[in-house]
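J.: In case you want the letters, here they are:
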Amino acid sequence: MLGSLFMHLLVVLTLSPLLAGIIARVKAKVGGRQGQPLLQLYWDLAKLFRKRMVISSTTTWLFRAGPVVGIAVPLLASLLLPFGPLAAPLSFSGDLILFVYLMGLARFFTILAALDTGSSFEGMGSAREATFSILVEPTIFVIFIVLARLSGDFSLNGMFVPVKAGFNTPAGIAMSLAILCLFIVMLAENCRIPFDDPNTHLELTMIHEVMVLDHSGPDLGLILYGAAMKLLLFAALIANLLRPATGNLLLDTGAFLVLLLLLAVLVGLVESAMARLRMIRVPQLLIGTSLLSFFALILLLR
Amino acid sequence: MNDPTTTILFVVILLNFFLLGTSRLGACIRVVAAQGALLSILPPLVHGVSPHSLLLAAVALALKGGTIPWLLFRAIRQVKIRREMEPRIGYIATLLLGALTTAGAFIFAERLPLLPEHLHSLFIPASLATMAVGFLLLITRRKAITQVLGYLVFENGIFIFGILLAEAMPLMVEAGVLLDMLVAIFVMGIVMNHINREFSSLDTENLCLLKE
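Order-wise, the sequence lines are chains R and A. Each residue of the first sequence is one higher than the last, beginning at 1 in the numbering used here. Each residue of the second sequence is one higher than the last, beginning at 303 in the numbering used here.
Honestly, the hints are just simulated from the structure, not real lab data. Keep in mind that this is a model prediction, so the values were computed, not measured. Mixed in with the good hints, there may be bad ones.
Computed Cβ-Cβ distance ranges for the label pairs, DEER-style [unchecked claim]:
no., chain 1, residue 1, chain 2, residue 2, range
1, R, Met53, A, Phe320, 45 to 55 Å
2, A, Phe375, R, Pro218, 57 to 67 Å
3, A, Gly392, R, Leu98, 28 to 38 Å
4, R, Ser93, A, Leu402, 25 to 35 Å
5, R, Leu249, A, Ala360, 28 to 38 Å
6, R, Gly104, A, Ile409, 30 to 40 Å
7, R, Gly32, A, Ile409, 44 to 54 Å
8, R, Ala28, A, Ala360, 43 to 53 Å
9, A, Gly392, R, Ala65, 34 to 44 Å
To give a feel for the contact side, a few chain R residues facing chain A, derived at Cβ under 7 Å [to be verified]:
no., residue
10, Arg128
11, Asn168
12, Ile173
13, Gln284
14, Ile287
15, Gly288
16, Leu291
17, Leu300
We put the CB at the ideal spot given by N, CA and C, even for glycine.
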C-alpha cells in the first residue's frame with residue numbers, strides 16, 4: 001500500500017513535465033525547428049519556484065487557493081488510477097465518479113481564482129472553460145459506463161485493464177471507440193490544439209491560458225505543474241487500455257511508460273497537423289464525441 | 303461474430319454521423335463515395351467469392367465509388383458551391399436526431415422476427431440507421447446536391463438490406479443499379495437546371511462575352 005503510493009507519486013511528480021517537453025519538441029521538429037530542450041519544463045518550474053509573487057491587491061484568498069487546489073487534485077486523482085501493472089493505492093467501487101469530480105473541483109477553483117481578479121478578459125476565459133467542460137462530461141461518463149460494462153467492475157482499478165476483445169467483435173469496436181473518445185477528451189481537458197492553443201498568450205480566442213494571466217512566480221509554477229500532471233493522468237487512462245499484458249511486472253511497466261511517451265508524441269503530431277477549431281465548431285466536435293461514446297454503449301447493450 | 307463485416311458496417315454507421323455533422327460538400331461527396339466503396343466489398347464477404355458476387359461488387363464499386371462521386375464533383379465545380387450554408391435544422395440538432403434514429407434502429411431490429419442467423423448481426427440495424435440518415439439528409443438540407451447525397455445514403459441502406467436476401471439477389475442487384483442510374487440522371491438534371499438558371503438570369507449581351 002505505502003510502496004504503491006510512493007511509486008504512484010514518484011511517476012506523477014517526475015514524469016509529468018517530460019510529456020509537455022516531448023509535445024513541444026515534436027511540434028518543433030515537425031515545424032522544421034530545433035526546439036527547446038526536452039527537460040525545459042523542469043527548468044521553468046525550478047525557475048518559477050525561486051521567484052517572488054506579485055499579487056493584485058483586489059484579490060482575496062481564492063486567488064491563492066486556485067493553484068494549490070490545481071496541484072493537489074491531480075496528485076489525489078492519480079492515487080485512484082492504476083499505472084499499468086501498478087494497481088491504484090486507493091480503490092473502491094464507484095471511484096470513477098470521484099475521479100471526474102475531483103477534476104471538476106480543480107476546474108471550479110481555477111475559474112474562481114480567475115473571476116477573483118475582476119478582469120473581464122479572465123471572466124471570458126472562465127465562461128468558455130465552463131461551457132466546454134459541460135460538453136466533455138457526458139463523454140467521460142458514457143466511456144466509463146462502457147468500460148464498466150466491458151469489465152464488470154465499477155472501480156477505475158478494475159475498469160482500466162488491457163483490452164482483450166478481438167477487433168472485429170462489437171466489444172472490440174466499442175473499446176476502440178472508447179479509446180478514440182478518451183483521446184479527444186484528453187485533448188479537450190488539457191487545452192490542446194483543436195480546442196485551445198496552449199502557446200498563445202495574447203489572443204481573444206484563448207480559453208485556459210487567459211485564466212492564469214494574473215498568476216506569477218510559484219503560483220504559476222504550481223499551475224503549470226498541475227496541468228502537466230493532468231495531461232499525464234489522461235494519457236495514463238489511455239495507456240492502461242492499450243498496454244500489452246505479459247504478466248512480467250518490469251516489462252509491463254516499461255511498456256506502459258513507453259506508451260505514455262508515445263501518446264505525447266501523438267499529441268504533438270496532432271497539434272502540428274491541425275489548426276485550432278473555430279469557437280463555434282468546438283461544441284459540435286464535443287457533442288459528436290459524446291454521440292460516438294453513446295454509440296459504443298448501444299453496441300454493447302444489444 | 304468475429305468477421306470483418308462487423309467492422310465494415312460499423313465504419314458505415316460512423317460515416318453516417320460524419321455526413322450529418324459536416325457542411326463541406328466536397329467532404330460529404332467523398333464520404334458517400336467511401337461508404338459506397340466499403341459496401342461494395344460486402345457481397346463477396348457474405349456470400350463467398352463467386353462470379354455473381356464479384357460482378358455485383360465490381361458494378362457497385364464502379365458506380366458508388368467512382369462514377370457518381372465524379373459526376374457530383376463535376377456538378378459542384380460547375381455551379382461553384384462549396385458548402386451547405388443554411389440547413390433547415392442545424393448540424394448539432396441533426397446529429398442528435400441521427401443518433402436517436404440510430405439507437406431506434408438498434409432497438410427496432412431487436413424486435414423484428416428475423417432468421418436466427420441474422421438476429422445478432424449488425425446488418426439490420428446498420429441498414430435501418432443508414433436509411434434513416436438518408437431521410438434526415440433529404441429532409442433537413444436545402445441544396446439539391448446534398449439532397450442527392452441523402453438519396454444515395456438511403457440507397458446504401460437498401461443495399462445493406464439487400465445483401466441479406468441471398469435468394470432474391472439478382473432482383474435486388476438490378477433494383478440497386480437502377481436506383482444508382484436514377485441518381486446519376488438526377489445529378490445531370492441538376493447540373494443542367496443550374497446552368498439553365500444561370501443563363502436565363504444573364505443578359506444576352508453578357509452571354510456573347512462568355513468564353514468556353
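J.: It remains to establish, for every hint, whether it holds in the given structure.
T.: Hints and how they fare:
no.	hint	in the structure
1	R/Met53 / A/Phe320: 45 to 55 Å	holds (48 Å)
2	A/Phe375 / R/Pro218: 57 to 67 Å	holds (58 Å)
3	A/Gly392 / R/Leu98: 28 to 38 Å	holds (36 Å)
4	R/Ser93 / A/Leu402: 25 to 35 Å	holds (32 Å)
5	R/Leu249 / A/Ala360: 28 to 38 Å	violated (53 Å)
6	R/Gly104 / A/Ile409: 30 to 40 Å	holds (32 Å)
7	R/Gly32 / A/Ile409: 44 to 54 Å	holds (52 Å)
8	R/Ala28 / A/Ala360: 43 to 53 Å	holds (48 Å)
9	A/Gly392 / R/Ala65: 34 to 44 Å	holds (40 Å)
10	Arg128	violated (17 Å)
11	Asn168	holds (5 Å)
12	Ile173	holds (5 Å)
13	Gln284	holds (6 Å)
14	Ile287	holds (6 Å)
15	Gly288	holds (5 Å)
16	Leu291	holds (4 Å)
17	Leu300	violated (11 Å)
Hints 5, 10 and 17, counting from the list given before, are not met by this structure.
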